[in-house]
Amino acid sequence: MAGLQDQLRLVPLEHYVFLCIVLFCIGMTGVLLRRNLINVFLSIELMLNSVNLLAVAFSVYHNDPNGQAFVFFVMVVAAAEVAVGLAMLVMIYRNVRTVDINALNQLKW
Amino acid sequence: MNVIILLAITGVFSMFSGIFKQKMLALPVILLAFISALVLLSFGYLGDFTALTNNMVLFDDHAIKFSMVIVFLSIFIFIMGQYYYSEDIEHLTDIFALFVFSIVGGILLVSFQNLTMLFLGTEILSIPLYILAASNRRSLASNEAGLKYYLMGSFATCFLLLGITLIYGAYGSFDLDIITAAITAKGLSSLFITGVILILCAFIFKLSAVPFHFWAPDVYHGAPTVLTAFVSTVVKVAVFGALLKFVLFIGGHQGDKWTLLFMLVIIATMIFGNIVSVRQTNFKRLLAYSGIANVGFVLIALLDVNDLTASYILYNLLAYGIASIMAFSIYSTIKTHTEIDTIEGIAGLMANNKLLSISLIFAMLSFAGIPPLAGFFGKYFIIVNAVNAGYVWLAVIAVVSSVIAAYNYLRVSATVVSHSSEIATIPISTLYRIFLVACIICIVLLGILPDQVLVILG
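Those protein sequence lines, which keep their order, are chains A and B. Under the numbering used here, think of the first position of the first sequence as 147, with each following residue one higher. Under the numbering used here, think of the first position of the second sequence as 12, with each following residue one higher.
No wet-lab data here; the hints were simulated from the structure. Just so you know, not all the hints are guaranteed correct.
[Claimed, not checked] The list that follows gives simulated cross-link-like pairs (lysine to aspartate or glutamate, DMTMM-like), each with its CA atoms no further than 25 angstroms apart:
1. Lys-197(B) with Glu-191(A)
2. Lys-346(B) with Asp-105(B)
3. Lys-365(B) with Glu-355(B)
4. Lys-365(B) with Glu-350(B)
5. Lys-197(B) with Asp-246(A)
The structure displayed is predicted, hence computed values, not measured ones.
Just need the whole structure built from these sequences, with the hints factored in.
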């Protein structure tokens, strides 16, 4: 276990942080720009998982297992969230026969 | 902690009562459980779970007060729900169970003592709401509301998570006490500041304050009316509870770094909410924008946190919540029976529906802040507090924007009593009459006895 931690520490912490922020921003751009609902869901997953990676990296550098426990919480919640999201996607597909986000424009101010 | 266990079991019971074809049992048991939860909270029978919870959940005074208001308002929501869902829909018990689970999440949220619980509480509060917003499966508007709520909610959750992780990265712990100790030892780190800003953004998202408000009117409009009432009252109480705790936590370490951020949000929210609501024709949307404006108003109390802040916030949310639940339930009653959902449409409601009209006028006058009613003191305490703290110009903006808001609400009241047209008598049940009268009594009592209520809440 200690060997693994040393190997993970070969990469400086800044690099992990940089990678995670880049992944997070890619996910954020995806949510904002993509029009296909499945792509939007994938982008949200990407954002969540970039945070998970960051938590694990911090956990290794702080020598503290709480960060890894936190990742499990995030995974469980993300699974529940995606289950709800996909159910909603199927329901919308049945009603409008498309997964394009622009098909939903009933509500406007 | 007892309360969380009791309510979670109630939720599971409600689900099973649907499976075993005992639909009639669900609502009485839920109401009973909520009333006993209220009793447990007000007498402080909470049990000692500190060894079990590992200091992740803390049931201090703050959590008890906010939980009391959450549970109290939920009772109104369930009675309204019973009336709203009176036609025999297939998943009634599941819908009630989802409401109960969401309330459990709200109670967890106001009692967090560890950033992990902040995240879990938000999610347990939100995920049932996504399902409930979309629960009217065949209505496209409801589908759209559910999806928008889901996308915006998960997006905000990502920011919350990133913020929590950055704070963890800065000090190596999720526990508020340990983080506080680490800050005193090591000083503020830039990771911590970034994390706090991200978490505040997520809170603003959940509260639907400007600039992250754009989902709210659509979701409020499309979702089933009970859910709209729930989101704009109970959920707001829970999120404000967490936000107040979070502000107290960061307050010790910052001086007034976040004050400017808060002030911009407050001014934008109040002005936007009130001005846009002037041009609304749909009644439900008007209520949605009034909810946004009220969030801006309550946020003023967070600028100067003192011992009484929690009670001011709770008083305002309680006063706003009861009037809001009443207005939403009247809207849904009129909508179900006559298909009317515009403000012009309810002209002449007074002619044949005395109780409905009088209740609606009471709600509107309370929103507008006419003195003997609850809404007046809700605004009064917050404004006086702001003036005492030296935010005079902010108080002026608040007063001006509530005058604009009063125009809106008086416009509705005037429409109700106008003689230009007539609406036929809408049949309402005895239970619903009692519910309306109870709401009016609550609004008047809160307005007549503000000091006593503040003592209970403070």
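Each hint tested on the structure:
1. Lys-197(B) with Glu-191(A): Not OK: Lys-197(B) and Glu-191(A) at ~34 angstroms, beyond 25 angstroms, violated.
2. Lys-346(B) with Asp-105(B): Since the Cα atoms of Lys-346(B) and Asp-105(B) sit roughly 24 angstroms apart, the hinted pair holds (cutoff 25 angstroms).
3. Lys-365(B) with Glu-355(B): Since the Cα atoms of Lys-365(B) and Glu-355(B) sit roughly 18 angstroms apart, the hinted pair holds (cutoff 25 angstroms).
4. Lys-365(B) with Glu-350(B): Cα-Cα ~19 angstroms, so holds.
5. Lys-197(B) with Asp-246(A): The given pair, whose Cα atoms are some 50 angstroms apart, is violated under the 25 angstroms limit.
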